[in-house]
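Peer 1: Here the protein sequences line up with chains A and B, keeping their order. Our numbering puts the last residue of the first sequence at 254; the count rises by one with no breaks. Our numbering puts the last residue of the second sequence at 559; the count rises by one with no breaks.
Careful: at least some of the hints might be erroneous.
If you want the ones that stay clear, here's a sample from chain A, every Cβ over 10 angstroms from chain B, calculated [as the list claims (entries may be wrong)]:
(1) Ser42
(2) Thr52
(3) Asp55
(4) Gln68
(5) Asp132
(6) Glu138
(7) Asp148
(8) Asp209
(9) Ile220
(10) Thr228
(11) Asn239
(12) Gln243
Quick list of simulated restraints, FRET-style, between CB atoms [what the hints assert, rightly or not]:
(13) B:Arg427 with A:Thr28: 43 to 49 angstroms
(14) B:Pro530 with A:Pro43: 35 to 41 angstroms
(15) B:Lys308 with A:Pro247: 35 to 41 angstroms
(16) B:Asp193 with A:Pro43: 56 to 62 angstroms
Don't read these hints as lab results, they were simulated from the structure. Computed from a predicted structure; not experimentally measured. Ideal placement from N, C-alpha and C gives every residue a C-beta, glycine not left out.
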Amino acid sequence: MVTTGTDRSRLGRAGLVVTTSLALAGCTPAVDPNAIQPLQSSPVSSSSSVWTALDTATARAAEASSYQVKVYVHARHGATSGDLSVHGSVGANGAADFQVRAGRESYEVYRDGTGNYYAYQDVWHKLDHPLDLNWFGEYRNLLNWAQDHDQPLSERPRKFVGGEFCRVYEVSLPATVWRRMDSLWDGAGTALRAQGDTLFTFAVGISDDRLHQVTTTQSIASASGATTMTTDVIFFNYNDVSQVAVPSGLPAAK
Amino acid sequence: MQHLGMQTRSVARRLFTHSQGHLTRILACLAWSLFVNLVDEWLVRPLVQDLAVIGVLVVLLMVWLWVFAIPRQRRRWWLVFSLFSLCACQALASFASLPLGRRLLTTAISMAILAAAARCIGRVALSLLLGSMVVLAAANAWLPENLWPLLTHFRVLAAGTLTVDNGNYPVLPLDVVKTEHGEVVLTVTEWPDARFGSSAAAYRQAVKSGKLPADHLVYQYVQLAPENGRIDVRPATAQELAEVQPTELGGAFTPFDRSTWAVVGGRLLQYTIRTQSSAGAVDVALQLAQYAPELAQLTVQANQDEWKDWSESLRKAGAAPVVPWRIDNGVLSGKWRGRTVHVRVEAQFVISSGSFTRPGAHELLLGGSNLLQVVSLSGSRPHVVASLHGALANPIGEAMQVGPIGTADKDVVFVNASPAYILSFTRDGHARRIYTAPNDDLQFLASIRTAPGTAPEILADDRSAVCSSSTTYLTSYTYRDGQLYRNWRVFESGIENVRQVQFFPEKPPYLVAAVAGSGAYVVLARHFWPLQPALVVAWLLVLAGFIVAGWRQRRRLRW
Numbered sequence: 001m002v003t004t005g006t007d008r009s010r011l012g013r014a015g016l017v018v019t020t021s022l023a024l025a026g027c028t029p030a031v032d033p034n035a036i037q038p039l040q041s042s043p044v045s046s047s048s049s050v051w052t053a054l055d056t057a058t059a060r061a062a063e064a065s066s067y068q069v070k071v072y073v074h075a076r077h078g079a080t081s082g083d084l085s086v087h088g089s090v091g092a093n094g095a096a097d098f099q100v101r102a103g104r105e106s107y108e109v110y111r112d113g114t115g116n117y118y119a120y121q122d123v124w125h126k127l128d129h130p131l132d133l134n135w136f137g138e139y140r141n142l143l144n145w146a147q148d149h150d151q152p153l154s155e156r157p158r159k160f161v162g163g164e165f166c167r168v169y170e171v172s173l174p175a176t177v178w179r180r181m182d183s184l185w186d187g188a189g190t191a192l193r194a195q196g197d198t199l200f201t202f203a204v205g206i207s208d209d210r211l212h213q214v215t216t217t218q219s220i221a222s223a224s225g226a227t228t229m230t231t232d233v234i235f236f237n238y239n240d241v242s243q244v245a246v247p248s249g250l251p252a253a254k
Numbered sequence: 001m002q003h004l005g006m007q008t009r010s011v012a013r014r015l016f017t018h019s020q021g022h023l024t025r026i027l028a029c030l031a032w033s034l035f036v037n038l039v040d041e042w043l044v045r046p047l048v049q050d051l052a053v054i055g056v057l058v059v060l061l062m063v064w065l066w067v068f069a070i071p072r073q074r075r076r077w078w079l080v081f082s083l084f085s086l087c088a089c090q091a092l093a094s095f096a097s098l099p100l101g102r103r104l105l106t107t108a109i110s111m112a113i114l115a116a117a118a119r120c121i122g123r124v125a126l127s128l129l130l131g132s133m134v135v136l137a138a139a140n141a142w143l144p145e146n147l148w149p150l151l152t153h154f155r156v157l158a159a160g161t162l163t164v165d166n167g168n169y170p171v172l173p174l175d176v177v178k179t180e181h182g183e184v185v186l187t188v189t190e191w192p193d194a195r196f197g198s199s200a201a202a203y204r205q206a207v208k209s210g211k212l213p214a215d216h217l218v219y220q221y222v223q224l225a226p227e228n229g230r231i232d233v234r235p236a237t238a239q240e241l242a243e244v245q246p247t248e249l250g251g252a253f254t255p256f257d258r259s260t261w262a263v264v265g266g267r268l269l270q271y272t273i274r275t276q277s278s279a280g281a282v283d284v285a286l287q288l289a290q291y292a293p294e295l296a297q298l299t300v301q302a303n304q305d306e307w308k309d310w311s312e313s314l315r316k317a318g319a320a321p322v323v324p325w326r327i328d329n330g331v332l333s334g335k336w337r338g339r340t341v342h343v344r345v346e347a348q349f350v351i352s353s354g355s356f357t358r359p360g361a362h363e364l365l366l367g368g369s370n371l372l373q374v375v376s377l378s379g380s381r382p383h384v385v386a387s388l389h390g391a392l393a394n395p396i397g398e399a400m401q402v403g404p405i406g407t408a409d410k411d412v413v414f415v416n417a418s419p420a421y422i423l424s425f426t427r428d429g430h431a432r433r434i435y436t437a438p439n440d441d442l443q444f445l446a447s448i449r450t451a452p453g454t455a456p457e458i459l460a461d462d463r464s465a466v467c468s469s470s471t472t473y474l475t476s477y478t479y480r481d482g483q484l485y486r487n488w489r490v491f492e493s494g495i496e497n498v499r500q501v502q503f504f505p506e507k508p509p510y511l512v513a514a515v516a517g518s519g520a521y522v523v524l525a526r527h528f529w530p531l532q533p534a535l536v537v538a539w540l541l542v543l544a545g546f547i548v549a550g551w552r553q554r555r556r557l558r559w
């Protein structure tokens with residue numbers, strides 16, 4: 001192995017390049033070129049038309065004979081976190097079936113004309129009270145309250161969610177809204193102060209004018225610290241769900 | 001041919017050591033098997049992980065220079081022996097988590113295969129292979145291979161793994177408490193555990209007597225504390241536990257699960273229960289439009305119940321919770337310099353004490369729902385000096401670290417949101433965002449001042465500067481004029497829960513940290529020996545040695 005003069009100078013140059021690149025990299029934290037830009041919300045041009053659009057969207061969604069829903073809830077408290085997920089269909093025949101995962105437990109919930117049932121560890125039980133699935137009506141009440149109280153309203157960039165391109169609106173609601181709306185909920189002052197304001201976003205389909213997504217973000221405080229809770233509810237396949245079948249194993253319990 | 005073999009053997013002999021002894025030669029070989037592993041851990045991997053393709057090119061250059069520096073006749077031997085050392089070390093490290101029986105079996109099989117390959121391909125002496133295995137196994141037993149990267153900047157005083165379920169504890173919780181002998185670190189491990197004097201029989205007995213439910217994971221509290229100059233793990237006492245917030249060590253996920261406690265044999269044991277019946281959970285889960293109030297209510301209720309259970313169980317174990325500061329119905333109360341203090345606040349919990357608005361001030365940082373408040377304790381009448389409401393879309397109040405940032409004795413708040421940022425309070429009580437991370441992966445761990453009056457080292461988990469991967473590594477930064485500048489980086493990912501702890505009053509504070517996903521912990525002390533540069537120099541010397549040896553051999557062959 002005899003190294004010639006040109007070889008040596010080439011090596012030297014390569015070494016120089018390497019040393020320079022070593023010195024350049026890693027001085028300050030890296031900029032992530034793929035980082036998602038924070039969603040900037042912009043004021044709406046006419047809030048009354050937006051309130052009307054949101055009202056129509058909830059009303060039209062409530063009129064749908066069938067749809068599917070998926071829900072992700074994430075609560076984060078320091079290093080620990082808790083999750084809730086729901087996947088389900090409301091069928092044209094009035095039956096509904098949901099897979100629920102709350103914490104570490106899984107349930108299946110089924111409703112039809114004969115009653116409301118849930119399965120835990122493959123054993124079916126009857127729920128002693130009817131399930132209230134009037135979500136769109138409740139969202140509508142919330143929005144009406146927000147409109148009556150002139151809650152700040154803004155618009156976010158459009159997005160594709162629930163199978164539709166949607167306009168996204170952002171509304172913040174104070175904790176007091178719940179006290180007024182639900183007299184049964186006696187959370188008292190501490191829970192209200194703990195809950196703080198909740199930021200809602202509503203996504204309305206551009207072509208079908210239906211509600212496709214509702215998200216919330218809130219911070220819950222207690223003596224042991226703060227919990228950040230985000231919820232994401234997506235409605236899709238409006239009027240496109242065939243009959244919801246009776247889960248296997250249920251007839252025995254009926 | 002035979003002549004040539006003799007020649008190279010004598011060259012190799014000269015190359016290892018100056019003495020001709022067989023023993024020294026073997027020792028040099030064993031040192032080499034450690035050395036290549038250190039080069040791998042401290043030079044090769046950092047280059048590749050930090051500099052991506054540039055790093056790979058540098059490594060290729062390193063390998064190329066080395067391979068061609070070895071005299072040709074000995075090249076195969078050196079390559080095979082080095083590769084054997086690298087593979088053996090990796091194998092030994094990756095089997096470390098297996099139970100003893102399977103571990104011995106898999107280790108024996110893999111070592112046999114590796115040794116057979118090395119013997120056949122490289123004609124490496126069996127005694128050497130065996131010696132190398134023993135040395136590497138000993139090194140792994142002293143400190144698992146996956147923690148070696150830490151050695152460039154820390155002395156590892158203790159390392160170990162506690163048995164926890166990854167679902168309950170993705171990261172081992174670590175909480176520092178003061179005792180009369182100094183500080184100790186509290187954490188958890190599964191119960192029963194023979195290491196801490198409890199047996200399966202005790203568990204069966206506790207279940208039978210109704211103290212514990214069957215089929216639940218049960219955790220006990222242990223402490224990392226100094227004993228005879230070493231850091232040891234032993235059961236924690238109720239008095240030490242009285243100092244902590246139960247949620248700091250809890251492994252339950254609100255809002256559907258919470259922790260509760262039982263006292264068995266005078267020891268506090270923790271397990272998880274559901275907050276809701278099945279029907280109740282189903283009910284809440286299907287109230288989509290009511291999540292905001294319902295889940296908030298569940299969370300607050302779970303925390304209140306936890307606190308009640310905790311206080312009762314502590315009392316049963318013979319201690320009462322020690323709460324220096326508490327907030328009840330909007331009033332912060334506690335004792336400051338012997339005086340009882342009441343301050344009306346909006347916040348709900350105490351995050352930390354420190355000097356937030358001015359150097360040397362005695363202040364408390366409080367948190368609430370999307371809220372931070374600073375209460376000044378000095379002066380005639382303690383009062384709120386700063387309040388900050390966060391953005392609704394990115395709430396504040398959770399996942400924060402407090403520590404110094406400059407040379408002054410003033411603390412800032414490191415908020416681990418995405419992206420993370422640093423908040424500083426001004427003298428007139430305004431909060432200012434003095435730094436925002438340019439990527440979502442950067443998370444602050446701690447800010448530690450190694451010597452008084454110097455700028456602190458801000459420890460963070462941060463991604464590589466060049467690689468597009470979101471793997472983060474333990475990094476030290478210094479803050480200067482609105483920017484973070486890197487001091488060093490240790491290519492160890494998953495280091496979390498970094499806490500500063502004063503185990504020995506007369507020594508500088510140590511760091512304890514948990515390794516995510518494994519139940520492992522490490523106790524570290526910062527050192528300032530330039531180990532990495534030393535390794536580079538050693539590498540260059542080795543390279544020079546090979547080149548000189550090759551040159552001398554060539555000269556002899558020419559004669």
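Peer 1: Each of the hints needs a verdict: does it hold here or not?
Peer 2: Checked hints:
No Cβ of chain B comes within 10 angstroms of the Cβ of A:Ser42; the nearest lies about 14 angstroms off, and the non-interface call holds. Even its closest Cβ contact with chain B, about 20 angstroms, leaves A:Thr52 beyond 10 angstroms, as expected for a residue assigned away from the interface. Look at A:Asp55: its CB is around 15 angstroms from the nearest CB on chain B, clear of 10 angstroms, so calling it non-interface holds up. Against the 10 angstroms criterion, A:Gln68 stays outside the reach of chain B, whose nearest CB is about 13 angstroms from its own CB.
The non-interface label for A:Asp132 is inconsistent with chain B: the shortest C-beta to C-beta separation is roughly 7 angstroms, within 10 angstroms. Listed as outside the interface, A:Glu138 is inconsistent with that label: its C-beta sits roughly 3 angstroms from the nearest C-beta of chain B, within the 10 angstroms cut-off. Remark: the non-interface label on A:Asp148 is consistent with the geometry, its nearest Cβ contact in chain B lying 17 angstroms away (cut-off 10 angstroms). Listed as outside the interface, A:Asp209 is consistent with that label: its C-beta sits roughly 19 angstroms from the nearest C-beta of chain B, beyond the 10 angstroms cut-off.
Look at A:Ile220: its CB is around 5 angstroms from the nearest CB on chain B, not clear of 10 angstroms, so calling it non-interface is violated. Its closest Cβ contact with chain B, about 5 angstroms, brings A:Thr228 to no more than 10 angstroms, contrary to its assignment away from the interface. The Cβ of A:Asn239 lies farther than 10 angstroms from every Cβ of chain B, with a closest approach of about 19 angstroms, so its non-interface assignment holds. Annotated as non-interface, A:Gln243 keeps its C-beta farther than 10 angstroms from every C-beta of chain B; the closest such distance is 20 angstroms.
Checked against the hint of 43 to 49 angstroms, the C-beta distance between B:Arg427 and A:Thr28 comes to roughly 28 angstroms, which is inconsistent with it. Between B:Pro530 and A:Pro43 the CB atoms are about 57 angstroms apart, so this pair departs from the stated range of 35 to 41 angstroms. Checked against the hint of 35 to 41 angstroms, the C-beta distance between B:Lys308 and A:Pro247 comes to roughly 39 angstroms, which is consistent with it. A C-beta distance of roughly 60 angstroms is found between B:Asp193 and A:Pro43, which places it inside the suggested range of 56 to 62 angstroms.
Hints 5, 6, 9, 10, 13 and 14, counting from the list given before, are not met by this structure.
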